[in-house]
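Engineer: Sequence:
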Amino acid sequence: MDFLYYIRVVLKRKWVILLVGIIAGGVAYYFMRNEPKTYKSVSQISTGFTINDEFRLGDNNFSLFDADVKFNNAIATFNSPIVINLLSYTLILHDLENPNPFRVPTPESRKLPLYQSVNQEKARKDFSDKLETVTMLNSFNPDEKKLLEFLALYKYDYKSITSKLTVQRLQGTDYIQIEFLSEKPELSAFVVNTIFQQFLRYYNTTRSNRSQEGIDTLRSLMEKKKIELDAKNALLRGEAPVGAAADTRKLADLTNLERALTDEKSRQVNLYSNLRKVNQRLANMGVDAQATTQNTATTTDQTNSEVLILRKAKEQAYLDYVNSGSSDKNLLAKYNQLNKEYQNKIINSNQSLARTDPGTGKIDDPTTKKADLLQEKSDIDFDIQESTRYIDSLQTRINMLRGNSDRDASKEVAVESLIKDADQANKDYLEIKKKYNDAIDLTSSSLNNFRQILLGQPAITPEPSKKLLIVGGAAVGAMVTAILIILVLAYLDSSVKTPRLFARVVNLKLISMINFMNLRQKSIAELVTTLDTTYDTKDKIRHNVFRESLRKLRYEIETSGKKIFLFTSTKKGQGKTTIIQALSYSMSMSKKKILIIDTNFCNNDLTTALDAPRILEKIVPNDRTEDSLAEQIRNLSKDIGVDTVFIIGSEGGDYTPSEILPRKHLLQHLKSLSNDYDYIFLEGPPLNDFSDSRELAQYVDGVIAIFSADQIIKQIDKESLEFFNELNGKFSGSILNKVDLEMVNVS
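Residues 1 to 747, numbered by full-length UniProt numbering, are exactly what the sequence shown covers, in order.
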């Protein structure tokens with residue numbers, strides 16, 4: 001309902017809204033009538049940000065997110081103050097130096113002190129210097145601030161240019177589009193082409209500076225890593241063993257010595273075995289091995305001494321050969337020679353002992369066998385002793401080599417740690433060196449993917465005028481604003497324009513709704529009792545609704561079972577006088593006899609409108625019989641012309657009923673008069689201002705409240721509404737008067 005109500009509120013004021021739109025459109029047209037024509041030039045730039053099939057230095061992967069960031073950075077750079085200022089310098093230099101400038105200051109601008117105070121020759125030089133050095137004017141410097149203001153005279157300042165410049169990415173492409181609007185097609189083309197050139201200058205300059213800073217940083221890191229690597233290598237050279245060859249030689253020596261030790265131990269085992277066999281054979285011949293050994297010892301001392309010398313020489317030769325790595329042929333030959341001499345000496349010694357008697361020197365054949373055994377035993381003992389010494393010598397040499405190997409093992413652990421550190425340092429150095437070389441390659445290549453694929457051209461025709469769009473927008477905007485204002489006011493409006501709003505705001509029983517009627521052309525009696533065929537359609541509808549509303553009110557009163565009614569309101573101007581008259585005329589049409597008493601002493605409009613006798617304050621009822629009282633009232637009241645409606649008026653004044661009426665007054669006998677009249681109507685003053693209605697309520701059967709639909713319910717009205725809720729059944733209902741039918745239709 002509320003939605004439809006607001007729509008109806010807007011439609012009711014449609015002409016006001018339309019008028020506001022027309023006025024706004026007219027004002028916009030007035031200001032836009034001299035709007036100059038504009039020309040647009042367009043340039044397109046290929047960035048290369050989204051092309052992933054080109055040659056790339058480095059191993060960076062292609063990323064759409066990175067491409068978006070690069071697009072945003074490029075667009076921000078195009079719109080940056082430095083690039084726009086470089087463009088401004090180019091434009092102002094063109095206008096100052098070219099015989100066909102794009103813009104010329106207006107005569108009014110030439111008269112300004114700013115324009116006259118600028119030395120244009122010096123200004124050209126300053127602008128050229130700033131353009132050459134890619135720097136901005138400093139507003140803190142008074143001279144440069146004046147140059148900035150000079151640019152504003154030509155509308156070449158940052159704000160003026162950016163308001164006409166558009167730099168955006170063409171969605172789904174690799175292109176950036178540059179657009180510029182101006183009053184001259186050549187100026188627009190010059191701007192879109194020049195801004196790209198200045199963008200490249202600034203971009204390459206900043207990129208070169210950033211690249212050099214990065215290269216310097218990488219060079220510093222590379223030198224630091226090189227120093228660390230050299231230190232690790234130097235430490236490694238100081239701690240490392242002689243080399244792999246030395247390790248191999250030591251291992252071979254140790255292997256040969258262990259092999260010789262094993263062979264010698266095997267030989268010694270054989271010697272002990274042979275010794276046991278010889279001792280056993282001597283024991284079988286009845287010879288004491290120990291005694292025999294002592295007898296023959298002296299005989300063989302000289303021979304043994306020579307054999308011992310040869311054995312030592314042979315062993316030393318073998319050790320020398322082993323120490324040389326078993327590769328010296330001369331030492332091997334020496335060893336073989338000594339070994340041969342040693343074996344010959346042993347053989348000669350055995351033959352001498354076998355053939356010669358130790359005492360006589362003659363050959364004794366029977367004893368030859370025993371002598372041979374004894375000599376063999378002596379040789380074996382000697383070989384065992386020499387073998388034991390040789391084994392001890394080999395073991396000492398082996399222990400020495402093994403001790404060196406243990407020391408080398410601990411040293412090898414430290415060396416391995418140094419090698420790992422050196423490898424990591426070398427890896428770090430190579431990595432930073434690769435980055436440094438890549439940076440050098442990138443810088444030296446001067447990689448720049450920006451390409452102007454569409455050159456800006458002067459436009460042939462101007463841009464479509466936005467005059468109609470602006471005028472239409474102003475009109476629509478004004479109408480929308482007007483509608484919003486109307487809706488806000490309707491929302492804030494506390495008036496009870498419709499029965500639904502009345503029920504929500506007032507919350508009292510509504511027995512009838514009376515629509516608004518114009519009473520200037522016809523009287524109330526004519527509106528109620530007759531139909532006018534001269535009315536147009538809307539007036540006929542309004543008239544019929546008015547009459548039907550009165551009939552509904554009449555029905556409510558007739559079915560209420562009450563006969564004496566007080567009509568009152570919370571404030572004046574609600575239509576009590578009109579409704580009482582109209583209701584009385586409507587009841588007269590149904591053959592009802594009505595008595596109207598004007599008890600509104602503060603505003604006796606009923607008395608004035610119907611020219612009633614002003615006698616209420618003076619009437620002393622003749623209460624001897626009911627007939628005498630009825631006769632008295634018939635004589636004092638006035639028939640208003642329909643023979644069934646009578647009225648008693650009042651003098652009126654600033655007093656209440658209890659103050660002005662006599663001790664015995666007419667209102668005390670209304671019950672008796674109800675036998676002679678079908679209905680008695682009293683009009684009371686407004687509750688907000690007077691207490692009369694509260695005093696009059698005791699004399700009536702029912703109280704009817706009248707509210708005007710165009711009035712706002714305020715807090716004081718809500719306090720008066722409590723009176724109706726406290727009437728203990730006397731409150732008969734409310735009448736909503738002066739209702740706009742257009743509002744009711746949507747309710």
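No lab work stands behind these hints: they were computed from the structure. Glycine residues also receive a C-beta, built at the ideal position from the N, C-alpha and C atoms. Mixed in with the good hints there might be a few duds.
Unchecked claim - Straight-line distance between alpha carbons at most 16 angstroms, and here's what the computed EDC-like set of lysine to aspartate or glutamate pairs gives:
(1) Lys224 with Asp428
(2) Lys593 with Asp689
(3) Lys593 with Asp539
(4) Lys427 with Glu228
(5) Lys434 with Asp611
(6) Lys571 with Glu719
(7) Lys130 with Glu144
(8) Lys40 with Glu228
(9) Lys184 with Glu463
(10) Lys164 with Glu186
(11) Lys345 with Glu376
(12) Lys433 with Asp710
(13) Lys164 with Glu258
(14) Lys638 with Glu651
(15) Lys265 with Glu121
(16) Lys232 with Asp421
(17) Lys572 with Asp710
(18) Lys638 with Asp611
(19) Lys277 with Asp381
(20) Lys164 with Glu144
(21) Lys435 with Asp216
(22) Lys340 with Glu315
(23) Lys225 with Asp421
(24) Lys664 with Glu617
(25) Lys435 with Glu223
(26) Lys571 with Asp689
(27) Lys593 with Glu651
(28) Lys312 with Glu386
(29) Lys125 with Asp95
(30) Lys538 with Glu556
(31) Lys226 with Asp95
(32) Lys265 with Glu186
(33) Lys145 with Asp126
(34) Lys618 with Glu651
What the hints assert, rightly or not - Taking CB as the label site, the calculated pair distances span:
(35) Glu463 with Pro113: 32 to 40 angstroms
(36) Ser163 with Ile716: 36 to 44 angstroms
(37) Lys572 with Asp536: 39 to 47 angstroms
(38) Ile541 with Glu463: 17 to 25 angstroms
(39) Val488 with Thr133: 26 to 34 angstroms
(40) Asn688 with Pro662: 41 to 49 angstroms
Engineer: If a hint holds in the structure, say so; if it does not, say that too.
Structural biologist: Hint check:
Distance check on the hinted pair: Lys224 and Asp428 sit about 10 angstroms apart at the alpha-carbon level, within 16 angstroms; holds. Straight-line distance between C-alpha atoms of Lys593 and Asp689 comes to about 32 angstroms, which puts the hinted pair past the 16 angstroms bound. Proximity of Lys593 to Asp539 is assessed by CA-CA distance (about 30 angstroms); at most 16 angstroms being required, the pair is judged violated. Between Lys427 and Glu228 the CA atoms are separated by roughly 11 angstroms; this keeps the pair inside 16 angstroms, and the hint holds.
For the hint pairing Lys434 with Asp611, the CA-to-CA distance comes to about 117 angstroms; that exceeds 16 angstroms, so the pair is violated. Distance check on the hinted pair: Lys571 and Glu719 sit about 12 angstroms apart at the alpha-carbon level, within 16 angstroms; holds. Taking the CA atoms of Lys130 and Glu144, the gap is near 11 angstroms; set against the 16 angstroms cutoff, the hint holds. For the suggested pair Lys40 and Glu228, the alpha carbons sit about 62 angstroms apart, so the restraint of at most 16 angstroms is broken.
The suggested pairing of Lys184 with Glu463 holds, with an alpha-carbon distance near 11 angstroms, which does not exceed 16 angstroms. The suggested pairing of Lys164 with Glu186 holds, with an alpha-carbon distance near 15 angstroms, which does not exceed 16 angstroms. Among the hinted pairs, Lys345 with Glu376 is consistent with the structure: their alpha-carbon atoms are about 14 angstroms apart, no more than 16 angstroms. For the given pair, Lys433 sits about 90 angstroms from Asp710 by alpha-carbon distance, which is inconsistent with the 16 angstroms threshold.
Our distance criterion of 16 angstroms between C-alpha atoms is broken by Lys164 and Glu258, whose separation comes to about 99 angstroms. For the proposed pair Lys638 and Glu651, the alpha carbon gap of about 15 angstroms is at most 16 angstroms, so the pair holds. In summary, the hint linking Lys265 to Glu121 is not supported, as the alpha carbons are separated by about 114 angstroms, beyond the 16 angstroms threshold. Only pairs whose Cα atoms come within 16 angstroms are accepted, and Lys232 paired with Asp421 is accepted, the gap being roughly 7 angstroms.
Restraint check: the Cα-Cα separation between Lys572 and Asp710 comes to about 13 angstroms, which is no more than 16 angstroms; the hinted pair holds. At most 16 angstroms may separate the alpha-carbon atoms for a hinted pair to count; Lys638 and Asp611 meet this at roughly 9 angstroms. A C-alpha spacing of about 13 angstroms is found between Lys277 and Asp381, which places the hinted pair at or below 16 angstroms, so the restraint holds. Taken as a hint, the Lys164 and Glu144 pair is broken in the structure, with Cα atoms around 24 angstroms apart against an allowance of 16 angstroms.
Simply put, Lys435 and Asp216 have alpha-carbon atoms about 12 angstroms apart, close enough for the 16 angstroms limit, and the pair holds. Distance restraint check for Lys340 and Glu315: the Cα-Cα separation of roughly 13 angstroms lies within the 16 angstroms cut-off, and the hinted pair is therefore satisfied. Annotation: proposed proximity of Lys225 to Asp421 holds, straight-line Cα distance about 12 angstroms (limit 16 angstroms). A hinted pair counts as satisfied when its Cα atoms are at most 16 angstroms apart, and Lys664 with Glu617 qualifies at roughly 11 angstroms.
For the given pair, Lys435 sits about 13 angstroms from Glu223 by alpha-carbon distance, which is consistent with the 16 angstroms threshold. At roughly 7 angstroms between alpha-carbon atoms, Lys571 and Asp689 fall within 16 angstroms of each other, so this suggested pair holds. At roughly 24 angstroms between alpha-carbon atoms, Lys593 and Glu651 are farther apart than 16 angstroms, so this suggested pair is violated. For the proposed pair Lys312 and Glu386, the alpha carbon gap of about 9 angstroms is at most 16 angstroms, so the pair holds.
For the hint linking Lys125 to Asp95, the alpha-carbon distance of about 14 angstroms falls within 16 angstroms, and the restraint holds. The straight-line distance between the Cα atoms of Lys538 and Glu556 is roughly 27 angstroms, outside the 16 angstroms bound, and the hint therefore fails. For a cut-off of 16 angstroms, the pair hint linking Lys226 to Asp95 is broken: about 58 angstroms separates their Cα positions. For the given pair, Lys265 sits about 113 angstroms from Glu186 by alpha-carbon distance, which is inconsistent with the 16 angstroms threshold.
For the proposed pair Lys145 and Asp126, the alpha carbon gap of about 12 angstroms is at most 16 angstroms, so the pair holds. Restraint check for Lys618 and Glu651: the C-alpha separation of about 9 angstroms stays at or below 16 angstroms, so the hint holds. Judged by the Cβ atoms, the range 32 to 40 angstroms given for Glu463 and Pro113 holds: they are separated by roughly 36 angstroms. Hint check: Ser163 to Ile716, Cβ distance near 56 angstroms, so the stated range 36 to 44 angstroms is violated.
A hinted range of 39 to 47 angstroms is violated for the C-beta pair Lys572 and Asp536, which are about 33 angstroms apart. Judged by the Cβ atoms, the range 17 to 25 angstroms given for Ile541 and Glu463 is violated: they are separated by roughly 54 angstroms. Range check, Val488 to Thr133: Cβ separation about 58 angstroms, and the 26 to 34 angstroms hint is violated. Taken as a hint, the range 41 to 49 angstroms is violated for the pair Asn688 and Pro662, whose Cβ atoms sit roughly 28 angstroms apart.
Comparing the model with each earlier hint shows violations of hints 2, 3, 5, 8, 12, 13, 15, 20, 27, 30, 31, 32, 36, 37, 38, 39, 40; every other hint is respected.
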